[in-house]
Structures are given as C-alpha cells and as structure tokens.
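Peer 1: Put chains B and C on the given structure of chain A with help from the hints.
Each chain, written out:
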Amino acid sequence: MSDNEDHDGDAPEQARAGNVTSLPSATHRYELRMLEALLFASAEPLGDDELAARLPERVDIPALLSELQQAYAGRGVNLVHVAGKWAFRTADDLAFLLRREATEQKKLSRAALETLAIIAYHQPVTRAEIEEVRGVSTSKGTIDVLLETGWIRMRGRRRTPGRPVTYGTTEAFLDHFALDEVRDLPGLEELRGAGLLDSAVPIDFLVPSPDDSDELKEDEDPLETGDMFADLEEEDRSGGAGDEEDTSER
Amino acid sequence: MSDNEDHDGDAPEQARAGNVTSLPSATHRYELRMLEALLFASAEPLGDDELAARLPERVDIPALLSELQQAYAGRGVNLVHVAGKWAFRTADDLAFLLRREATEQKKLSRAALETLAIIAYHQPVTRAEIEEVRGVSTSKGTIDVLLETGWIRMRGRRRTPGRPVTYGTTEAFLDHFALDEVRDLPGLEELRGAGLLDSAVPIDFLVPSPDDSDELKEDEDPLETGDMFADLEEEDRSGGAGDEEDTSER
Amino acid sequence: MADEEPFELPLHDAPEPQGPALVVDVDGYEGPLDLLLTLARSQKVDLTRISILALAEQYLTFVHEARKLRLELAADYLVMAAWLAYLKSRLLLPEQKDDDEPTGEELAAALAFRLRRLEAMREVAARLMNRNRLGRDVFPRGAPETVAVVRRSEWGATIYDLLMAYASQRQRNSVTSVSVGKRSVWSLADARTILTRLVGAAADWAPIDSYLATYMARPEERVSVLASAFSASLELVREGKVELRQSNPFAPLYIRWRPGATANETAAPQADEAAQEEGGRAPFTEEDDER
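Residue numbers (the UniProt record's numbering), protein chains in the order written: chain A, 1 to 250; chain B, 1 to 250; chain C, 1 to 291.
Bound conformation, chain A alone:
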C-alpha cells in the first residue's frame, strides 16, 4: 500500500526532522484522521473556523490541512480550497469517470418536418419562400431546431432586397435519410404513385427537382463572417409573427 506507507513514513520522518514537533506523532495522526473524516462527511466545504470549532483546541489546523492536501495531491481525490473553504473533490483528470452520456430520442415537430421538407425540395430557399410555400410564418425556433439536427445549413444570401439567408440541406441529411443524393427525393409522379399526393392536385402543381450542390447560384452571395450568429437574430427580429404561429399550429 504505497499510499499508506507514504503517509506512515511521514510521521517518523517529521519526527527525525524536527524534535520539537516529533513527540505527539500518534496524536498527530489522530488529528489528521479527524480532519479527514470531517471533510469527508461534510455536505459543504468547511472553513478554517468551522474546522476549529469541531476539532480539539490545540490542533494546528493550517499545518494539518496542508499535510492532508499533500497526501491527497496525486490521488484520485484531492483536497481543494474553494471559496476560502476546504473540500474533497475528484481529481480533475478523472472527471470523465463521473460523466455519462445519455442520448435522447427526439421527434421533430410537424412544423419542423414541413420546413425541412421544403428546404430539401426547394433549396436554396429563404425563410420568406418557405413561408410562402407553407402558407404560415415559420418561427426562428423551427429553423434553429433544424440547424441543431445538422440536417440543414445556411448556404448564402439571396441577392434581393434585405439579402435574406438561403438554406439548404447537408450531407448529414442525406446520411440520415439514406439518400445517395438529394435528387433521389421522389418527384411529383412518385409521390402520387406512393399515395402521398392525391390526383386532385392542380395542374400547375410542381414538385421541384432539388439541388444541394455547394456551388452558389447566380443570385446567391456567400455568407459573411459572423453571419452564423448575428444574422439569424436579425431575422428573428424582423419575423415577429413567428412565435405566435408556433403555438397556433399544431
């Protein structure tokens, strides 16, 4: 037991080192044990005064603390000084032991699914265009959730007044939906064949053939630095109606 020996070894060493403090090594050890137990059992970090109140009077608390701290220095648990008080804490490098990953299965809301579908089929597409297809305004939250899935991305800015951000799908989108390329998304006839569209759709009803190529279109400008954050917020401010829609639609 290397740790124990280390510790046991300390007392005689100290005794040898200085005769003044050598005498009460059993007492010293007992004091160290008391301090250790107090700090271990306490629900809160303990300050010097709190320790003093619980330990016998003549105990040299600072000396004991620094000894205990050294004893635990290389260990799995360390004695740390936090906010002027003392507490045992798991060593920083072992924090990963106390972490567990939990994956939560979440389902996309209908609004998010619809928005995602429009982005997939109509990309590159702006928020205003999504709203036009859906017939309702789209909350920023919906776009945010989709960005979080990693399935959509901001592609650029449309070269029109207001220079709105254009959205498109990502490779992760293709991965998730097991699509080889975005052009594999079924077209009008296939949707109808699958019974997803009934035959009563108007004559001018079109299902675009999607294109997620990285290359910007002629009417797209690249995103500027900072677009990732600042401009989304800007959009949010302009689309005040978005939040209302979120609740009404479901």
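Do not rely on the hints blindly, as some may be mistaken.
What the hints assert, rightly or not - Stretches of chain B that chain A covers, calculated by requiring three or more beta carbons in the stretch to come under 8 Å of a beta carbon on chain A:
id: 1; region: 36 to 42
id: 2; region: 64 to 77
id: 3; region: 87 to 99
Everything labelled a hint here was simulated from the structure, so no lab data went into it.
We put the CB at the ideal spot given by N, CA and C, even for glycine.
Peer 2: Below, chains B and C alone, put in the same frame as chain A:
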C-alpha cells in the same frame, strides 16, 4: 492540471526504483486513482459490476480494491464492504466528532424493533409468522414504518392459503447496519444453535437461516403489479385488531 | 445505546403478583407473551429453568386482578389466560394414556420455547441497534459527486415522415386557396344590407366606391364586392330607395339616398316586420328572409 503532472511525475520515479515492477506501475497507479475517485464520489456502495462498468476492461478490480482498502485501513475514512458492495465510510471511532452530521433518526417503537429483528432473522417471513413469534397482532402501521425506513421490503407471496406477502430485508438495511451480508447478523449462530430460528417447537434438525436473496424460495410466488399498495390495505382490512393494538403499542 | 428504547420495562412497571403495582395498565405490554416474559423475569431464573406452572398461575392471578379492577383486557390476553388455565389443568392432572393431545409437559415446553424465542429476538434487536449505524456512527461522503449525465439529442425522422410532411402541406395549401376564393364572394343580400346602412346614413351624393373601400382591401374580393354592390344598388333604385348618377361611361358612379325616402321611413316597415325588435338589426333580418 497539477494532479496530472503529479501523476506523470510519479511514474518515472517508480520506474527508477525497481525495474521489474516498474513497467505497469504508472498504469496501476492510475487505475487505483480511478477506483478511488469512483468510490469516493458515491454515497452509495458500489458493486463489483458497477465498478467494472466504469473502469477499463483489463483492470483487476478485486486486487485494486484490497489494495485500496489497506491504504485506507488506519485512516479517518475507511473502505468497507457492505451489502456485498464497496463504500467509503468514516472510521467508527470518530463517530463522536461527527455528531453534527448525524441525520435525525426516527425512533422505532419497541414493536417495530422486534418486528425488524424477526424479519431480519427469519426472512422470508409472513405477517402471521411475525405475529406468532411476538404473540400479538402486528399493526399495519408497524410494517409501514419499517417499509418507510427502506430496511424491509415485500419479497413475494407464500404459496399457502391466502397467499400472504413475505417480507425480507433490503440492501439499505445491510448498509445501515454495516453488514456485508445477512449471514453476518449478530448472534445468528447462537440463535441457530439454540433452534430459536425455527418456527415450530424445538426440533433439532432443519435449522433455517435467514435469506435475503432476491431469488424467491420454492414456496414463494412473485408479487403482482399493484401488490405494493392494494394488498397491504387488504391485509389491513383483514387484521382488524391491528389498529387497536397500534395505539397501545409505543 | 442511550438513545434506544430500553427493551426491559423499567422496574417500577413490573407488576408484583400482589400489591398495588398490579393496577399497571396492560397497555404497557406488547401482548400476553410480553406480559408472560416480564412475569418470568420476576422469577429471576434462567428462562430454560423456569416453572411454567408458577408462571401460568402468576398470569392468571394478574388477569383475575385486572378483571376485579374492571380493567379492559384485550382479547389476546383472555385467550392466553384460557390456554394457560388449560395448560395448568394438563400439568396438574395425571397423564391419560389414550390421549392424542400433547402432554402438559409438551405444552409447557412449547410455551417456554416461545418465551425464549421472543426474548432472543429482543436481544438481537438490541444488538442490531447497537451496531455502527450509517448516519449515526459512520458516515458516507457528505457531498457525493453525482454522475453528471450529458444529454445528447438524437433526432428521429424517417424519409416517410419527411415526404408525408412535404406532400400533405403542399396539397393542403393548393386546396385551401380554392376555398378562400369561395368564402370571399359577396352575396347580393350582403351588399344590399351594407349599402342600405351606409348610404342611408349619408345625406349627399358620394361615389359608390367610397362606401366600398373598406370591403375591397382584399384584392381577390374586389370584383365580387363591386359586382354585388352594383346589382344591389340597381335593385334599391328600382324600389325607389336610392338614386344613382354617372356623368359619362366609366366615370365614378355616385349614389345617394332618395330625398323623401329617409332611412327612418324605410326602417319603419322593416321594424314592424321584425315585431318591434331593435331597429338596427331589422334590415339584417329582412335580408336573411329574402335569401
């Protein structure tokens, strides 16, 4: 990350000291630290399987545990084996120091204490059997108080007429009374030797020993869903005398 | 342990076979077996060497005294008394050879066993309580570091969900635009009601468009509003209620309430029809009937 540096620093030292054992000493020390951190961080005892799940695969957990236990043997905090698991607990001789940490313990009535002892030593045991030993009917309140402590549990149903619920002790019981297993109950051997754990009048053969294993006995059926609540009440109704006794008992 | 309840009753509670201590209420005992155990202790001998006969007598005396004092005794105590009386008789009477029942000695042994077992349970309960107990004598880590759970969301959606969402919303929107068109048609009755109300309230010529402006905000309704309003105004002219004027083709069309046919006059017969109900609502009622 001072801890990490310490750790790194130790390895070469140890390597210098003895070349034979030097090679895995850094790893060994790291494993010991991980084990220490895991056990120190938890207020509940951890079983070998729980430790194994959190430590790298090749780690020799039993060896590390006994090493750690020795390291802490004379300290203010000890590594103890309770309920078949491992936990750090303050040394028992320092109890006086920690009075302030003591949690308010609900005082058990004499009836509850006797009932607890009978459940512990005679488990699995039915209420009728408890009453037979005590010579008095047991109020539902007594069983409820014990269930509330978390020290006893309903195990199953005895396969006899009326299918009475059987009771046994829990892991929390073992943890609370610092018992490694139910066979470590104080005085168990003497009681068994004197035939006092037998339910019937003295016979020298067939001396049962208490058993808190989760596995049901041949004459036990599992509890059904809803047993936890409904059937206790049912029992209560049948044991009308119980309530009277409840007031007298205290 | 000082803080545990004692298992033995305090001495002053222990009843003497004779004397005022008997008045002690039975509530102090955990049932008849407990009472017997307390009485047995007063024999001051090892439980294995106790005189069951003497014990039975003590118990019966106790119960007798209690009844004399008209103390309420729980049924348990009386059952035990009856059993002990039986036991006493078995112990005192000579053995009967042809008896299937257990002998007095066997019964006495059974009682002695039960007393010893109860006492043993009390002893081990005390020993259990005196162990190092968690939270009283030994302590766990006061500030356990709980395992932090890092949540990662995994979004689920199938290609079918996606296509369903796409197809259904596109279809939904292609259908709703038709139904909006239907709803935006102005009926002749609507136009008549509104014109009567608005034009009747004004005194002079005014372009008919000025009355309709607010109803033509939605472009898809514009045509319908104009057409219905024009038809309605022609009808009102035929009835002699309003006058129309247009300077030349495609010039603004002016409308006014015909002088003499005041709004009040026209309202009067309608109000009659509506059985004197609120005049303001009457035109609606009339128009509804026409429909």
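Peer 1: Taking the numbered hints from earlier one at a time, note which ones the structure violates and give those numbers from smallest to largest.
Peer 2: none
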